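Enquirer: When you get a sec, could you build the whole thing from the sequences and use the hints?
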Amino acid sequence: MFHFQHTEYLTALILVPLLVLLFLSLLSWKKARIAKIGDAKLVKELIKGYSPLKFTLRFVLFLMALALIITGAANLQSPGAMEKVTRKGVDVMIALDVSKSMLAEDIKPNRLDRAKQLVNKLMERMENDRVGLVVFAGKAYIQMPLTTDHSAARMYIQNAAPSAVPTQGTVISEALKISNSAFNSKDRKFKSILLISDGEDHDAEALKFTEALVKNGVMINAVGIGSPEGVPLIDKESNQLRKDAQGNAIITRLNEGELKQLSQQTKGVYVRLEDSDEAADKIMAQLSTIEQTSMGDQAFMNYKSYFQWFLAVALLLLLVEFFVSERKKIQLT
Numbered sequence: 001m002f003h004f005q006h007t008e009y010l011t012a013l014i015l016v017p018l019l020v021l022l023f024l025s026l027l028s029w030k031k032a033r034i035a036k037i038g039d040a041k042l043v044k045e046l047i048k049g050y051s052p053l054k055f056t057l058r059f060v061l062f063l064m065a066l067a068l069i070i071t072g073a074a075n076l077q078s079p080g081a082m083e084k085v086t087r088k089g090v091d092v093m094i095a096l097d098v099s100k101s102m103l104a105e106d107i108k109p110n111r112l113d114r115a116k117q118l119v120n121k122l123m124e125r126m127e128n129d130r131v132g133l134v135v136f137a138g139k140a141y142i143q144m145p146l147t148t149d150h151s152a153a154r155m156y157i158q159n160a161a162p163s164a165v166p167t168q169g170t171v172i173s174e175a176l177k178i179s180n181s182a183f184n185s186k187d188r189k190f191k192s193i194l195l196i197s198d199g200e201d202h203d204a205e206a207l208k209f210t211e212a213l214v215k216n217g218v219m220i221n222a223v224g225i226g227s228p229e230g231v232p233l234i235d236k237e238s239n240q241l242r243k244d245a246q247g248n249a250i251i252t253r254l255n256e257g258e259l260k261q262l263s264q265q266t267k268g269v270y271v272r273l274e275d276s277d278e279a280a281d282k283i284m285a286q287l288s289t290i291e292q293t294s295m296g297d298q299a300f301m302n303y304k305s306y307f308q309w310f311l312a313v314a315l316l317l318l319l320v321e322f323f324v325s326e327r328k329k330i331q332l333t
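Position 299 of the sequence shown, counted from 1, bears residue number 299 in my numbering, the numbering being contiguous throughout.
These are computed hints drawn from the structure, not numbers from a lab. Treat the numbers as computed from the prediction; the structure is a model and nothing was measured. From the three backbone atoms N, C-alpha and C, an ideal C-beta is built for every residue, glycine too. Check each hint, because a few of them may be wrong.
[Unchecked claim] Straight line, CA to CA, 25 Å or less: simulated SDA-like cross-link-like pairs of lysine to any residue:
#1 K267 x A249
#2 K88 x K260
#3 K54 x I34
#4 K139 x H202
#5 K31 x I234
#6 K139 x E127
#7 K260 x A285
#8 K121 x A152
#9 K108 x K121
#10 K48 x F323
#11 K282 x K236
#12 K108 x G169
#13 K189 x H150
#14 K108 x K260
#15 K30 x S325
#16 K54 x W29
#17 K282 x L207
#18 K108 x S276
[To be verified] Pair by pair, the computed Cβ-Cβ distance ranges are:
#19 K88 x A161: 40 to 48 Å
#20 Q168 x P145: 52 to 60 Å
#21 A285 x A245: 26 to 34 Å
#22 V313 x N128: 36 to 44 Å
#23 K304 x A152: 53 to 61 Å
#24 K30 x H6: 36 to 44 Å
#25 K139 x E291: 27 to 35 Å
#26 P145 x A12: 41 to 49 Å
#27 D275 x L22: 30 to 38 Å
Expert: Right, here's the structure in full:
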């Protein structure tokens with residue numbers, strides 16, 4: 001069955017009756033102006049070289065061309081053959097640090113928001129991959145299992161915040177364990193954990209757990225967020241500096257050492273987040289080294305478009321309109 005791909009463009013056809021009204025108003029105005037000039041025979045003699053019929057013809061040709069251009073832009077289509085496409089990709093569990101230190105503003109707007117920006121950039125390029133989300137601080141929780149529904153994934157990522165994990169800290173080992181449990185244990189490939197953290201608290205258990213990840217065919221690609229120099233941590237509720245038991249300001253800084261080790265031991269890549277596009281390029285390049293698996297078949301309907309016929313006729317009408325002169329032949333007597 002025929003249908004238009006962009007029905008919203010058809011609303012522009014309202015221009016056609018509006019232009020007709022404008023044209024009729026113009027004719028009425030011209031007629032009134034001519035009547036005011038004076039003697040009808042004299043006026044007729046003065047404008048005998050002008051053809052009102054050709055003037056109207058040019059307008060009709062232009063109007064038809066305009067209607068065809070608008071209709072062509074809406075793109076009339078008819079259904080064609082069904083085509084099946086096998087989606088291939090990898091499974092990526094995103095382990096996102098949502099501890100309060102991720103609210104530090106040593107990178108703008110803050111560490112957590114920059115992490116979200118990076119994930120969104122990556123997901124634009126991971127359309128065939130399944131993604132899941134684990135948030136962690138002092139504990140880790142799975143927010144979303146592996147899915148191809150990227151719109152849902154973006155919603156969960158956008159809503160990730162320190163309030164999702166009441167216990168503070170940075171327990172990377174627990175995040176890795178929960179992420180690993182989300183994968184299909186029967187597969188020994190097609191899997192990666194995208195670990196995004198400031199790595200602030202040392203977690204020896206995380207380094208030990210990499211052996212299990214390697215056996216399960218899981219690669220860790222780690223992203224470090226923040227500056228090694230660090231900044232004082234501010235309590236967002238009171239807008240005051242957070243202090244330790246001795247009354248000293250708590251400095252939060254990026255700990256790259258552990259994040260680098262985790263990625264190296266699982267044959268992944270470590271990236272310090274400075275430029276989001278550059279970081280996304282490095283991570284995608286590393287993910288491309290993982291063998292892909294089938295994510296299922298998708299059926300697509302191929303449609304035949306007819307916009308070119310409308311545009312061709314419109315062009316022809318405009319050419320004719322261009323060569324139509326408003327002057328008429330005058331017979332000499």
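Enquirer: Going through the earlier hints one by one, which of them does the structure break, listed in rising order?
Expert: 1, 2, 5, 6, 11, 19, 20, 21, 23 and 27
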